[in-house]
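Residue numbers (the numbering used here), protein chains in the order written: chain G, 4 to 389; chain L, 424 to 522; chain S, 566 to 912.
Keep in mind that the hints were calculated from the coordinates and are not lab data.
Incorrect hints may appear among the rest.
[Said to hold, decoys possible] As a list, the in silico EDC-like pairs of lysine to aspartate or glutamate whose alpha-carbon atoms are at most 16 Å apart: (1) Lys279/G / Glu481/L; (2) Lys62/G / Glu835/S; (3) Lys448/L / Glu835/S; (4) Lys148/G / Asp100/G; (5) Lys170/G / Asp454/L.
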Amino acid sequence: MTADPIDREVSELKFREPEKGRALADALARTVRRAVEKTGRSPIAVMHVCGSHEQAIAKFGLRAAFPRELDVIMGPGCPVCVTDLPEVDEAVALATDGVIVATYGDMVRVPGTAMSLADARSEGARVEVVYSASHAVELARSTDKQVVFFASGFETTAVATAAVLLKGTPPNFSVLSAHKYIPPVMEIVAEMPGTRVEGFLAAGHAATITGWGIFESFVERHGIPVVVAGFEPLDILAGLLKLVELIRDSTARVENMYPRCVTREGNRRAQEQLWKVFRPTGGRWRGIAHVPNGNLRLRGEWSSVDARQRFRIDAARMWKHSPAALVERCLCVDIMAGIRSPTDCALFARECSPDSPVGACMVSTEGTCRIWSQYGGGYPDLGGSR
Amino acid sequence: MCLGVPGKVLEVNGNVATVDFFGLKRPIFLDVVDEPVAPGDYILNHVGFAIRRIPASEAEETLALYRQLLAETDDDPMASDVRGEIAATRKTGNDGGSD
Amino acid sequence: MKGNGRTRDEKIALRHGAGGRAMRALIRDVLAGNLADAAIAGAVGLDAMDDGAAIPLGDRWLVITTDSHVIHPIFFRGGDIGRLAISGTVNDLAMMGATEVLALTSAVILEEGFPCADLERIHLSMREACREAGAAVVTGDTKVMGKGEIDRIVLNTTGVALTDRIVTDNALRPGDRIIVTGTIGDHGFAIMAARHGLALDGELRSDVGPVNAMVRAALATGGTGIVAMKDPTRGGLSSALHEMAEKSGVGIVLDERAIPVAPAVRSAAELLGIDPVHVANEGKAVIGVRPGAADAVLAALRAHPLGRDAAIVGRCTEDRAGSVIVDTGVGRRLLTEPEGELLPRIC
Numbered sequence: 004m005t006a007d008p009i010d011r012e013v014s015e016l017k018f019r020e021p022e023k024g025r026a027l028a029d030a031l032a033r034t035v036r037r038a039v040e041k042t043g044r045s046p047i048a049v050m051h052v053c054g055s056h057e058q059a060i061a062k063f064g065l066r067a068a069f070p071r072e073l074d075v076i077m078g079p080g081c082p083v084c085v086t087d088l089p090e091v092d093e094a095v096a097l098a099t100d101g102v103i104v105a106t107y108g109d110m111v112r113v114p115g116t117a118m119s120l121a122d123a124r125s126e127g128a129r130v131e132v133v134y135s136a137s138h139a140v141e142l143a144r145s146t147d148k149q150v151v152f153f154a155s156g157f158e159t160t161a162v163a164t165a166a167v168l169l170k171g172t173p174p175n176f177s178v179l180s181a182h183k184y185i186p187p188v189m190e191i192v193a194e195m196p197g198t199r200v201e202g203f204l205a206a207g208h209a210a211t212i213t214g215w216g217i218f219e220s221f222v223e224r225h226g227i228p229v230v231v232a233g234f235e236p237l238d239i240l241a242g243l244l245k246l247v248e249l250i251r252d253s254t255a256r257v258e259n260m261y262p263r264c265v266t267r268e269g270n271r272r273a274q275e276q277l278w279k280v281f282r283p284t285g286g287r288w289r290g291i292a293h294v295p296n297g298n299l300r301l302r303g304e305w306s307s308v309d310a311r312q313r314f315r316i317d318a319a320r321m322w323k324h325s326p327a328a329l330v331e332r333c334l335c336v337d338i339m340a341g342i343r344s345p346t347d348c349a350l351f352a353r354e355c356s357p358d359s360p361v362g363a364c365m366v367s368t369e370g371t372c373r374i375w376s377q378y379g380g381g382y383p384d385l386g387g388s389r
Numbered sequence: 424m425c426l427g428v429p430g431k432v433l434e435v436n437g438n439v440a441t442v443d444f445f446g447l448k449r450p451i452f453l454d455v456v457d458e459p460v461a462p463g464d465y466i467l468n469h470v471g472f473a474i475r476r477i478p479a480s481e482a483e484e485t486l487a488l489y490r491q492l493l494a495e496t497d498d499d500p501m502a503s504d505v506r507g508e509i510a511a512t513r514k515t516g517n518d519g520g521s522d
Numbered sequence: 566m567k568g569n570g571r572t573r574d575e576k577i578a579l580r581h582g583a584g585g586r587a588m589r590a591l592i593r594d595v596l597a598g599n600l601a602d603a604a605i606a607g608a609v610g611l612d613a614m615d616d617g618a619a620i621p622l623g624d625r626w627l628v629i630t631t632d633s634h635v636i637h638p639i640f641f642r643g644g645d646i647g648r649l650a651i652s653g654t655v656n657d658l659a660m661m662g663a664t665e666v667l668a669l670t671s672a673v674i675l676e677e678g679f680p681c682a683d684l685e686r687i688h689l690s691m692r693e694a695c696r697e698a699g700a701a702v703v704t705g706d707t708k709v710m711g712k713g714e715i716d717r718i719v720l721n722t723t724g725v726a727l728t729d730r731i732v733t734d735n736a737l738r739p740g741d742r743i744i745v746t747g748t749i750g751d752h753g754f755a756i757m758a759a760r761h762g763l764a765l766d767g768e769l770r771s772d773v774g775p776v777n778a779m780v781r782a783a784l785a786t787g788g789t790g791i792v793a794m795k796d797p798t799r800g801g802l803s804s805a806l807h808e809m810a811e812k813s814g815v816g817i818v819l820d821e822r823a824i825p826v827a828p829a830v831r832s833a834a835e836l837l838g839i840d841p842v843h844v845a846n847e848g849k850a851v852i853g854v855r856p857g858a859a860d861a862v863l864a865a866l867r868a869h870p871l872g873r874d875a876a877i878v879g880r881c882t883e884d885r886a887g888s889v890i891v892d893t894g895v896g897r898r899l900l901t902e903p904e905g906e907l908l909p910r911i912c
C-alpha cells in the first residue's frame, strides 16, 4: 500500500516486519539448540497462558516458524475455552427461559452439556453478541425485558464488567460472571506431576492490569522463569527467545518484554475497580481441574445485579439429556503438561473433534488437540523458506 | 487475553475519548485507565475501555530492547550477518510503512 | 445436534447458508444430489456446483443463474438489497464468462406492512445497477405474506446470458496465479458495523456493484489464459479459494501482504478480531490465470475504474491439494473456512 502517515504510525506501534521476525526466529532456533545442548533435554517445553497469544500465533502462522526442538504448549489460556460446561449451561438455561442473553462473540459457539448459545438461538432464544460490556448495558436500556450479560474473559475483561457496574446499570440488567483469574491456574500447571513445562509466557494484557510483580512470588515458589510478552509477531518471538535464554542459563526470574504496556505495579485504578466488584472463588476449568481462586464472582454487595441471585437458574435440567460426561475422560490436563499426546486420548478424533470439541485443547484454535487434528501432528509442515 | 488494539486519541470529552484506530474512529471509555489521557496520546483499547496510556516513545524503546536481545543472543558469525541484514533493511528504509 | 455424537444434521442452521463447508455439504448431499439426475447432456449443471449453469446452444453457451437475496439492514452504506440483487446475479453470470447479460427476472416477496416508499427506493436502485451492468429486467413476480411470516423482503433475481466460451471454477493447474480485482472485506464489514451498532465511524462502505464490464476487459486481454473465476461473496476470499482449490485439485499459497485491504477494513478487522479473507464481497472477482497471462490480465484490470487495486495474491501448487496456505511473511498457516456467522472476538 502507499506510504501515508497513518501506515507509518501503525508500523511504529506494531511489530510485524518480516525481516526482523525472521531474524528473531533464527536467533530463537540457535538459542533453543544451545539450551538443548546445555540442559540435555529435548524438546524444551514452554507454555503460553493467554487466548490472544494463541490467536496471534495462529494468525501470523508463527508455529511454522518455531524450531522443532521447542514445544510451545497452549496452557489453560483462552478464557472461553476453559469456561466449564455448567457455566455455559446456566447461560443456555436463562436464554431458553426467555431472558435476553448478551455475550461476547467468542462464547456463542462454545458447547455446554446439551447445547451452545448458538444452538439455543436456533431454537428461538434471544442471544445478542456485544463487543463491549457497555453495549450490553445499552441493550438493557433499550428494552423492558431482562438482559443478562454472560461475562467471560480474564482480569482484563473483568475490569470492563466492573467499570459498567460501578457506573450504574438499569434495573433489568444483571451479570452472569464466568470471568476467570489467571495467576492461580499457573500454580496448578506448575505443580502438575511430571510436567515438562520449563517456562511460562505470561499474558501481556492481563499483566497490564495486574502488573508483572504478581509473578515474582510464583517464580520464587516454583523456580521457573516467566516472561511477560505482547501480541505482535515480534513480541511473541522476542518473548520466547528471552524465555529460552533464561531456561538455557537455568535462571528463574520474571522478565517484562512488553514494557510499552506493562509495569511492575500494573494499573492500580483498574485493580481497585476489579476487587471492588469481584471476589476470587474456586471452580472447575473445562477439562483441566478445580482451580482454587480461579473464578471471579460478584461480591455480596453486588448481589442485586448478580444473575445467579436474581434468577433461579435451572441448569441441571440439561444434564439428564446429556450423554455420559465425556469431559471426564478428557486428557487435556496431561496434554497441557506435555506428558501425553492427543493420540493417547480415547476421545481424540472420535467423540472429540474441531466441529464437536470436548476439552479446552480442542475448543481452542491453538489447542494442542486442535492443531494435531488440523495438521496430523504437532507441527504444521506447510513448505516455504523454513 | 485479550484482544487489545492500540489507537490514537483525537478528542477527550469527560469520560469518553474519540480514538482513531488507523482507519476507523470509535468512542472509548476512560474509566479504567490510570493516567490522564490527552489528544495525541496512544491508548490500548480492550472491549471499549482504555486499559493503558502508551507513551509514544515506548514503542521505540521496545524495538530497541529487541535489537539488544538479538545483539546479545549470539557470538557466532551467523548472528552478525543477521544483524547486518537488519541494519541494512533499516538503512534502505521501509519508508513505505508496514508493507 | 446434541452432545458429541456425530450424526448428519437434522435441522437447518444458519451455517448452512453461510457459504462454507456446511452449505456445500447441504447442496451436494440433499439439494443437488436429488435433482441432478435430470441432467442435460454436455451442460455444466447442478452437480458442478458452480456460480451458474451453462447449456450448449449451437456453438455458443446459454448461461443461467438464480439467486435469492435477504439482507439486514436492507439499506446500508454503499448500497441496498436492490443493488445487491442485480449485482449478485450479473456477477454470477460474469464468473461463468458471460459478461453480456441477455435478460434478468425479478421476483419479490414482501411482508405485510412493508413501506411502499422503501420498495420504490429499492427499485430505483435496481434500475441504476441494471444501467451500470447493461442489463434489463424483463419479467417479474410479486407476492405478499402476512406480518411475521417473512422478514420484510426477499428478492430473487434470475439472469440469462450467451457466451462463446465459458469459464468454470475448476481448471486451475499448479503454477497458475490468483488475482483479486480489488480490496477485500468491504461489503461484509459495512454490514457488520451497521448490524451490531458498533459505533465504527469511518469509511466502511460496501463494494456492491456489477463487475461484468471489468471482467469483460480482463477476458478480452487474457483470453484462454483466464482459466477460473469466482466471486468471493459469502465466506469471502477464503471460501472462494477453497472451492476453487478443491474442485481443481491444487493447493493455493496466498501472500497475505499482497492482498489489498482498505485501511478502514484493516482497522475493523483488528478491532473485531475478524480476518478480512473470511468476509463477504459483492463487487469483486477472484481470477485464476495461467502464469504467462498474469501480468497482462492484471494490467487490464487496473486500467478499469473498478480494478485499480487489483493484485496478484497467490500461486497454485501441486502440494496439499484442496488446501489454502497463507504466507504471513513471518510464518505460514493453513487457512480455515468460516463456518456460520462471523462473530467479533475479545481474545
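Taking the hints in turn, this is what the structure says about them:
1. Between lysine 279/G and glutamate 481/L, the direct Cα distance comes to roughly 31 Å. Violation of the 16 Å bound is thereby established for this hinted pair.
2. Distance hint between lysine 62/G and glutamate 835/S is fulfilled; the C-alpha atoms sit about 11 Å from each other, no more than 16 Å.
3. Using a Cα cut-off of 16 Å, the hinted pair lysine 448/L and glutamate 835/S holds, with the two alpha carbons roughly 13 Å apart.
4. Only pairs whose Cα atoms come within 16 Å are accepted, and lysine 148/G paired with aspartate 100/G is accepted, the gap being roughly 12 Å.
5. Taking the CA atoms of lysine 170/G and aspartate 454/L, the gap is near 9 Å; set against the 16 Å cutoff, the hint holds.
Of the numbered hints given earlier, the model fails hint 1 alone.
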